[in-house]
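As given, the protein sequences belong to chains A and B, one line each in that order. Per my numbering, the first sequence starts with residue 6, numbered consecutively. Per my numbering, the second sequence starts with residue 118, numbered consecutively.
No wet-lab data here; the hints were simulated from the structure. Treat the hints with care, since some could be wrong.
[Unchecked claim] Far from chain B by the CB rule (all over 10 Å, computed), these chain A residues:
(1) Asp29
(2) Arg109
(3) Met115
(4) Ala315
(5) Asp323
[Said to hold, decoys possible] Label-pair restraints from in silico Cβ distances:
(6) B:Arg171 / A:Val144: 55 to 61 Å
(7) B:Arg171 / A:Ala212: 33 to 39 Å
(8) B:Val190 / A:Ala212: 55 to 61 Å
(9) A:Arg220 / B:Met269: 54 to 60 Å
(10) A:Lys107 / B:Met269: 20 to 26 Å
(11) B:Phe352 / A:Pro310: 46 to 52 Å
(12) B:Ser257 / A:Glu166: 54 to 60 Å
(13) B:Phe180 / A:Leu289: 56 to 62 Å
[What the hints assert, rightly or not] Here are a few chain A residues that sit away from chain B, every Cβ distance over 12 Å (derived from the structure):
(14) Met37
(15) Asp79
(16) Gln118
(17) Val127
(18) His174
(19) His244
(20) Glu262
Ideal placement from N, C-alpha and C gives every residue a C-beta, glycine not left out.
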Amino acid sequence: MTTTLERPSASPERPADLLLSVHDLRTYFHVMDGTVKAVDGVNFSIRRGETLGIVGESGCGKSVTALTIMRLLDMPPAEIPTGSILFEDRDLLTLPDNEMRKIRGNEIAMIFQEPMTSLNPVFTIGHQISEAVRQHLKVSKKEAVDRAIESLRLVGISFPERRVKQYPHEMSGGMRQRVMIAMALSCEPKLLIADEPTTALDVTIQAQILELIKRIQADTGTALMLITHDLGVVAEMVHDVVVMYAGRVVEEGTVDEVLLQPKHPYTEGLLSSIPSKGLRGSRLNVIKGTVPNPFNMPVGCNFQPRCPYAFEPCPEHDPRIEEGGGPPVACWLWKRAPGHDIPQGLHDAQVAAARQAAAAKAGGVSGAVPTELRGEEIAS
Amino acid sequence: MAVEDSQPTRDRAGAPPAHGQRVAEDLLDTDEDPQQVDREVALQSLNQWQLAWRRFRKHRMAFVGLGILIFLVAVVIVVPIFQPFNFLNIPGSPRPGGEPPRLDRIFGTTYEGRDVFTLVANGGRVSLVVGLMSMVIAGSIGVVVGSIAGFMGGMIDNILMRIVDVFFAIPFLFVILVAARFFGRGDVLSLVLIIGLLSWPLIARLVRASFLSLREADFVDAARAVGVSNMRIAFRHILPNALSPVIVACTLLVANAIVLEAFVSFLGFGIRETEVSWGNALANAQEGIRFGNWWWAFFPGMAIALTVLSINFIGDGLRDALDPRSRD
Numbered sequence: 006m007t008t009t010l011e012r013p014s015a016s017p018e019r020p021a022d023l024l025l026s027v028h029d030l031r032t033y034f035h036v037m038d039g040t041v042k043a044v045d046g047v048n049f050s051i052r053r054g055e056t057l058g059i060v061g062e063s064g065c066g067k068s069v070t071a072l073t074i075m076r077l078l079d080m081p082p083a084e085i086p087t088g089s090i091l092f093e094d095r096d097l098l099t100l101p102d103n104e105m106r107k108i109r110g111n112e113i114a115m116i117f118q119e120p121m122t123s124l125n126p127v128f129t130i131g132h133q134i135s136e137a138v139r140q141h142l143k144v145s146k147k148e149a150v151d152r153a154i155e156s157l158r159l160v161g162i163s164f165p166e167r168r169v170k171q172y173p174h175e176m177s178g179g180m181r182q183r184v185m186i187a188m189a190l191s192c193e194p195k196l197l198i199a200d201e202p203t204t205a206l207d208v209t210i211q212a213q214i215l216e217l218i219k220r221i222q223a224d225t226g227t228a229l230m231l232i233t234h235d236l237g238v239v240a241e242m243v244h245d246v247v248v249m250y251a252g253r254v255v256e257e258g259t260v261d262e263v264l265l266q267p268k269h270p271y272t273e274g275l276l277s278s279i280p281s282k283g284l285r286g287s288r289l290n291v292i293k294g295t296v297p298n299p300f301n302m303p304v305g306c307n308f309q310p311r312c313p314y315a316f317e318p319c320p321e322h323d324p325r326i327e328e329g330g331g332p333p334v335a336c337w338l339w340k341r342a343p344g345h346d347i348p349q350g351l352h353d354a355q356v357a358a359a360r361q362a363a364a365a366k367a368g369g370v371s372g373a374v375p376t377e378l379r380g381e382e383i384a385s
Numbered sequence: 118m119a120v121e122d123s124q125p126t127r128d129r130a131g132a133p134p135a136h137g138q139r140v141a142e143d144l145l146d147t148d149e150d151p152q153q154v155d156r157e158v159a160l161q162s163l164n165q166w167q168l169a170w171r172r173f174r175k176h177r178m179a180f181v182g183l184g185i186l187i188f189l190v191a192v193v194i195v196v197p198i199f200q201p202f203n204f205l206n207i208p209g210s211p212r213p214g215g216e217p218p219r220l221d222r223i224f225g226t227t228y229e230g231r232d233v234f235t236l237v238a239n240g241g242r243v244s245l246v247v248g249l250m251s252m253v254i255a256g257s258i259g260v261v262v263g264s265i266a267g268f269m270g271g272m273i274d275n276i277l278m279r280i281v282d283v284f285f286a287i288p289f290l291f292v293i294l295v296a297a298r299f300f301g302r303g304d305v306l307s308l309v310l311i312i313g314l315l316s317w318p319l320i321a322r323l324v325r326a327s328f329l330s331l332r333e334a335d336f337v338d339a340a341r342a343v344g345v346s347n348m349r350i351a352f353r354h355i356l357p358n359a360l361s362p363v364i365v366a367c368t369l370l371v372a373n374a375i376v377l378e379a380f381v382s383f384l385g386f387g388i389r390e391t392e393v394s395w396g397n398a399l400a401n402a403q404e405g406i407r408f409g410n411w412w413w414a415f416f417p418g419m420a421i422a423l424t425v426l427s428i429n430f431i432g433d434g435l436r437d438a439l440d441p442r443s444r445d
């Protein structure tokens, strides 16, 4: 299991293979009304060349996790009380600012959600890509522009020699996202963080951009951290998935494990709330309730107030994915709560029944869920 | 997307409109005719300033204002070369009413027999220099202070903005009069310094406000994400985007400084008697008015009004031209 925690000191299995490992990362925002625990003890790791998907609904801490890794948050109001982000052998959280600046764009690059506003309107795109190049490589202006042209060609923009002289307002959203990708790739980063790269684009362009990212990743061997709320994109793009809820990782595993046999009730809910064309006219399945108030998180399990299977230990004890061993799910249905047993019999049956119902709703046959997702989510 | 791509910038030179649509297709369009694309792309390479200039030209009043201002500047530069003002040189014999406008001295003369046209042309030099220079001073200080305050935020922002508040709280005119009385030596430079050093807070506030919103812009995060330093982000990425309101404000500052100069000189605190500006020409003209010498006051006054009016129209035109939301 690649996504279970691998401490740098205690990871004899694949030390050379490991690119990024995030351990017990917490990001709090101190605001007027109190403290928001946007990221609250997150663990995951990415190997070289691997694709990790981070899934969850809006406000669950996906983007904040990415921004924390890039150290792009303003430090007050944000605070990182604990945690480490090990990139190769450096802890990004303790790195001095100028060292971090050398990593940004050079070794870790990021693609943002909004291609329309992520390019500076007053400079040509050639200027912007070559600036990114010149921040990290000692090359002449001419060489930087040549490199910009090369990376534009790589992302499938035709006649890049002329496009470099254009301004962002002369380009469509899809084209700008290609430019952003070109900029991110211009220094050949080891890790690419894509924060919902297709959310702002229309569907046909979405598919093209995802295809492009996939192709480039295969060509360059860069690792990809793909943040999305779109399970279809996950099914299509990633090897491993981390499901986040209210700042915590609730489930992790390979894409097949998580999408075909969801363990956590939240993952199950997410999967069952995908509209299906097989069941026209029936009501959409939703997860009842809302995300808990960030200022007032439940004491025990975060998901417990919305969980259909909640039982005695849930409001009291906070389930976490354990380091080393145990099922990779933060739920008392799957592990022993202090003073309680893993529910057998009744609970088990309930779980199984509910899961089957959810799967049936999502894909007709439980085994067909991801296939259905693949076809539909990308096209809708 | 379609809206962005349908800008009129592209349909110049009779390009078939269908080509514009083709550019919007960012598919892997490798099978396009290179020459055709060449032409399409060439049509689009207008940058922001070129676009602004196109919009500015459509603003008729601003364009006329610019023409008048250029004419005034030319007169003010050229005429004094041939007809310099000399305080000690009093041509002809003084006559209480002066000579009314005639063909060979179109603005008439003062009671001392000085040519009013020479006064206006020479006085314009001082007035325009005061206007421009104090704008440069106020603009530079305002941009630097505003950028620092807006970009750094927190404590530094707080301190700088409280200083700005103090400037806004004191009665501007009296401070200028007092400063001109005690620090001014009646020359252009001290007046420029006084006006410039007192009017930067307005610019600083504008720049700070732009910085505060632009600091959160996505492209700033994107620049940071490729490893651009803070200094470079502030002055190379944010500042150019924050500039348009500042340019408009600076234009209006020029007009304001010209009026201020006239006002201060009129009250006798500005440019000394031995030199001439529109303000002290007006002040001296008071002596002529009761003898029916209206032209002595009228022409410098008109010069001020015309200059200020054209600058204000130019400012108006710039506001529209530089506004990124007006995309026509």
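### Task
With respect to the beta-carbon atoms only, verify the hint that B:Arg171 and A:Ala212 lie 33 to 39 Å apart.
37 Å, holds
### Task
Determine whether the non-interface label on A:Met37 survives the test: each CB of chain B must be over 12 Å from its CB.
16 Å, holds
### Query
For A:Met115, is the shortest beta carbon distance to chain B beyond 10 Å?
4 Å, violated
### Query
Taking 20 to 26 Å as the hint, is the beta-carbon distance of A:Lys107 and B:Met269 inside that range?
23 Å, holds
### Query
Was A:Asp323 rightly flagged as not at the interface, with every chain B Cβ beyond 10 Å?
33 Å, holds
### Query
Just checking, A:Asp29 versus chain B, shortest CB gap more than 10 Å?
24 Å, holds
### Message
The hint says 56 to 62 Å between B:Phe180 and A:Leu289; measuring C-beta to C-beta, is that right?
### Response
59 Å, holds
### Query
Are all C-beta atoms of chain B more than 12 Å from that of A:Asp79?
8 Å, violated
### Message
The output says A:His174 does not contact chain B. Does that hold with a beta carbon cutoff of 12 Å?
### Response
6 Å, violated
### Non-interface claim for A:Val127, where every Cβ of chain B lies beyond 12 Å
Per Cβ check, A:Val127 is inside 12 Å of chain B; nearest 4 Å; violated.
### Query
Are all C-beta atoms of chain B more than 10 Å from that of A:Ala315?
Per Cβ check, A:Ala315 is outside 10 Å of chain B; nearest 39 Å; holds.
### Task
Hint says 54 to 60 Å; check whether the CB-CB distance for A:Arg220 and B:Met269 agrees.
Once the Cβ atoms are compared, 42 Å apart, the range 54 to 60 Å for B:Met269 and A:Arg220 is violated.
The structure fails hints 2, 3, 6, 9, 12, 15, 16, 17, 18 (numbered hints given earlier, in ascending order).
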